[in-house]
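K.L.:
Going down the list, the sequences are from chains R and E.
Residue numbers 0 to 329, in numbering that gives the first Met the number 0, belong to the letters of the first sequence in order.
Residue numbers 0 to 696, in numbering that gives the first Met the number 0, belong to the letters of the second sequence in order.
Errors might be hidden in some of the hints.
Said to hold, decoys possible - To spell it out: a stretch of chain E is covered by chain R in this simulated footprint if at least three of its residues, at any positions, have a beta carbon under 8 Å from a beta carbon of chain R; those stretches are:
1. 544-557
2. 567-576
3. 609-621
To be verified - When the alpha-carbon atoms are kept at most 20 Å apart in a straight line, the in silico SDA-like pairs for lysine to any residue are as follows:
4. E/K549 x E/G414
5. R/K36 x E/H194
6. R/K152 x R/R192
7. R/K36 x E/E109
8. R/K36 x R/D47
9. E/K589 x E/V644
10. R/K36 x E/S107
11. R/K36 x E/V117
12. E/K589 x E/T13
13. R/K36 x E/T263
14. R/K36 x E/D116
15. E/K214 x E/Q265
16. R/K152 x R/T201
17. E/K214 x E/T197
18. R/K36 x E/R264
19. R/K36 x E/T45
20. E/K549 x E/G147
21. E/K589 x E/M10
22. R/K152 x E/M62
23. E/K20 x E/Q481
24. R/K36 x E/M62
25. R/K152 x R/L199
26. R/K36 x E/P119
27. E/K589 x E/G232
28. E/K549 x E/E650
29. R/K36 x E/Q265
30. R/K152 x R/G194
31. R/K36 x E/P63
32. R/K36 x R/A130
33. E/K214 x E/H194
34. E/K549 x E/P387
35. E/K214 x E/Y226
36. R/K152 x R/P299
37. E/K549 x E/E149
38. E/K549 x E/G385
Hint data in this document are derived by calculation from the structure and do not stem from the laboratory.
Built from N, CA and C at the ideal position, the CB exists for glycine as well.
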Amino acid sequence: MREFEYAVAGDARAAIAAARGGARYLAGGTNLVDLMKLGVETPALVVDVSRLPFDSIEPTADGGLLIGAMASNSDVAAHPVVRQRYPVLARALLSGASGQLRNAATVGGNLLQRTRCGYFQDVTKPCNKRAPGSGCPARDGDHRNHAILGASKQCIATNPSDLAVALAALDAVVVIEDDAGPRRIPLSEFYRRPGERPDLETNLPPGALITGVELPALGVAARSTYRKVRDRASYAFAVISVAAALEVREGIVDDVRIALGGVAPLPWRARRAEAALARVPATEESFRVAAVLELDAAEPLRDNAFKVPLARNLITRVLLDLATASGATA
Amino acid sequence: MTETLTRAVGMPVTRIEGVAKVTGEALYAAEYPLADLAFGSVVQSTIARGRIVAVDVDAALAMPGVLAVLTHENAPRLGDAGDADICLLQDDAVHYRGEAVALVVATSLEAARSAADVLPISYDEQPHDVVLTEDHPGLYRPGHVNPGFETDTEQGDPDAELAASPVTVDRRYSTPTMQNNPMEPHAATAVWDGHRLTAYDSTQGAASVHRVLTKLFDLPGDAVRVYSPHVGGGFGSKGSARPPVVLAAMAARVVGRPVRVVLTRQQMFALVGYRTPTLQRLRIGADRDGTLRAIIHDAVEQTSTVLEFAEQTTVATRMMYAATARRTTHRLAALDVPTPRWMRAPGECPGMFALESALDELAEACGVDPVELRIRNEPPADPESGLPFSSRSLVACLREGANRIGWADRSTTPGSRQDGRWAIGLGVAASTYPARSAPSTARATAQSDGRFVLSITAADIGTGARTALTQVFADEMQAPMQAVDVRIGDSDFGPAMIAGGSMGTASWSWAALLAAQALRAKLDECGGAVPAEGIDVHVDTADAIGAMSKVSRHAFGAQFAQVRVDVETGEVRVPRLVGVFGAGRVVNPKTARSQLIGGMTMGLSMALHEESTIDSRFGDYTNHDLAGYHIAANADVGEIDASWVEEIDHEVNPLGIKGIGEIGIVGTAAAIANAVYNAAGVRVRDLPIRLDRVLVG
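The following block holds chain R by itself, in its conformation from the complex (with noise of 0.2 Å):
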């Protein structure tokens, strides 16, 4: 670990300014000081923004919830309209890390979080990432846990959020704040896909901050599951991941959202199973077709070719819970 200094940002612009000058944010603190530990990230400065005013969860005027960037994940999940209405989000949180890193973890950092690839936390070894133009070792190496979905040449790693997947099914919207102001970003758009420049991970502006992650009044977000595969019972980041939510009136899919964690280096909103689903029957049979459609697109390598069946088998059966739930089946 090298030398940095801290400071405590006395209001947003402040720490923006900090941050434009090439400080790193402090919040939770849980991933990035383990990067630093590793010398995966050498700040000069780290600029503490958690006793920032944006830890608070309130309604919207459109019906929907502002979930403010320093909510701890722990307060989030316990919310009682989080956990009402987007239970998604709730067990997606509590599906993740300990008990003691979710009190820690905020929102914000938990939306830029880095991948878990071992190559680009060892500083010993090449990364396209860490280090842009130096290879990526992962893609004929130790690659199981690596992706199937939306990877380049140049990069293969996958997000490790487990939020983030819930939110990319509730059609989140990033808010932030930067020197031109408070802006907002859709998840969908929030995070860039690695291609030639997988150094680059998000379209937040240099310094930007941010404050807060709004969702939209959503009905089938109510009738929605979050399902975590890992190699171990809990404490490890997903091998896969669903989230989902689905809507059926008699017998026919109203509405789905899916979601995939540990497939792709961003959250993968799974639109084509999403397309196909729409106003069929909801049976096991819709649902797997769904699920293979989706992964058509999948470009698996040597060690993680697995993903694919436990994919579509993960897909198939949350939506068949989630339809048996309510009692709809077709």
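Take the given structure of chain R and dock chain E to it, following the hints.
P.N.:
Positioned in the frame of chain R, the structure of chain E alone reads:
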């Protein structure tokens, strides 16, 4: 023995130092407050084989707080201690990735780490080879396997018996590289006072580290003192001197002040010894009723180019079951990897995974119940030596365990029981571990204040050894536990067995017993009057151990697993483990149960999670931390029912102790793998039982 001797032994006594540990009062090796303490940060090689061309120390030395940079060019020369793994910084050769190639010493840990992170080292890199294969061209037959077993054994004509057997199993099994991760990282603090060296070390054997330090630094025995009163786990990886104590002692001599070296969790993956990967083949021939005719067990494993370590993977197969003929072999490849060393039950642990999995496959092929198959092949005497067993309770353990897990309800058709989305099943495997004792010395003192003190270079690595010794010593002194003090973890107390090989409590208790007997005799001589300076006795168990009868001494056990398998995702859960052991006298049921539960938990972790993945191009692990190298979390561990059958064995040692540190991990993985097969019809022969292996299997 008289009545009073059993007052404390056998009672579930709470760990004596428990309060000191949870209040932070108990000091560990890196916690001793010392004036002018300096901190060493280890720099590891970033190549797997080659030579160091240059280390640019100038920039590091110019950084604030940096006192010295030790490299092969300036480090003190070390004597030969018979362990090349710790002959550090002596030449420019790099033998594996992660080898200690420099130590930055600074006035703060932060300064040392900052400089260590950026120390420029240039290498002449040479091609490396880190991948073990069954047909590796470098495979050779080692002279012996750890610690001194024959490499290969043969009894009868196994090939002919196999060929003549109506039922055969011929299967390959593998276990991956597994890493020692005790809670307390390896750490040491060294202080020189002229030519006297004091080391606070996190070790399973202060006497063993003492011996090594005298040789490395060419010092007389009384010039070195090693303290290790509290140790936060070891599993074998602290069974010998490891890099921190050697580097700390070297650095302290160079900078002329105390130096502390603590490994980071990541560094431990290369520097403390790990369990070799094993590639095993089991060929078993049997009659249709399951009676064994031939067992052939071949193991392929790795060592390093630094030092030969040959895991004794197939030794348990030599004595587990009766068979007409058998052969066991070990072959090694010396790769450009860190040296594999001890990890809880070396040999028995990976070997019994293969043997007990193969027996499950044989049971199915014969249509014989797996519990019954094992009982049917119970040997009348040790098949390898022909010697009688001092005691052997395997059958009793199998029957008791079967009863506890509800074996009678097990379906004999794999994949036929379902509970919601979960396929459910049961599995069994046997367990064994040798019961040995090694010479130890001890001093017992009667003080004029009426207290008795036992001083012995034992180590309590979390096992409860200190408490068990207190129970034994108090009983033998016919005194309440409150009237005795047991002092451990100080090499000044003299040579003693390490906390290893499940021999610690057995060996030290023997010395405690002899010391108490000698002290009582001396007290009798002086009519019970203790002079102001106290009365001292000193004992050594070497003669008594040398005079032991020739019998076969082993502990046995039976492990049962209940598993749930989600066949859609391959997820495996283990809601219940039952372990029943025949392990001689249990000195302290509370800490003993804790040891067995710990072993079984580690076995579960081995079965489902633990695996170091290596990238052959870098010669390096890709998951060298606890986020990437998974160990079972609380949520993975269900109910663990660990118990023992009554077993009185006067031939193992005077107290009848067999040792329980390791047997708990032996067989767990096979029981779980066998249960997964019973539940889902998927046979996983390569550990760990990852979901992708179950899903596509």
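K.L.:
Output the indices of the hints that this structure fails to meet, ascending.
P.N.:
1, 4, 5, 15 and 22
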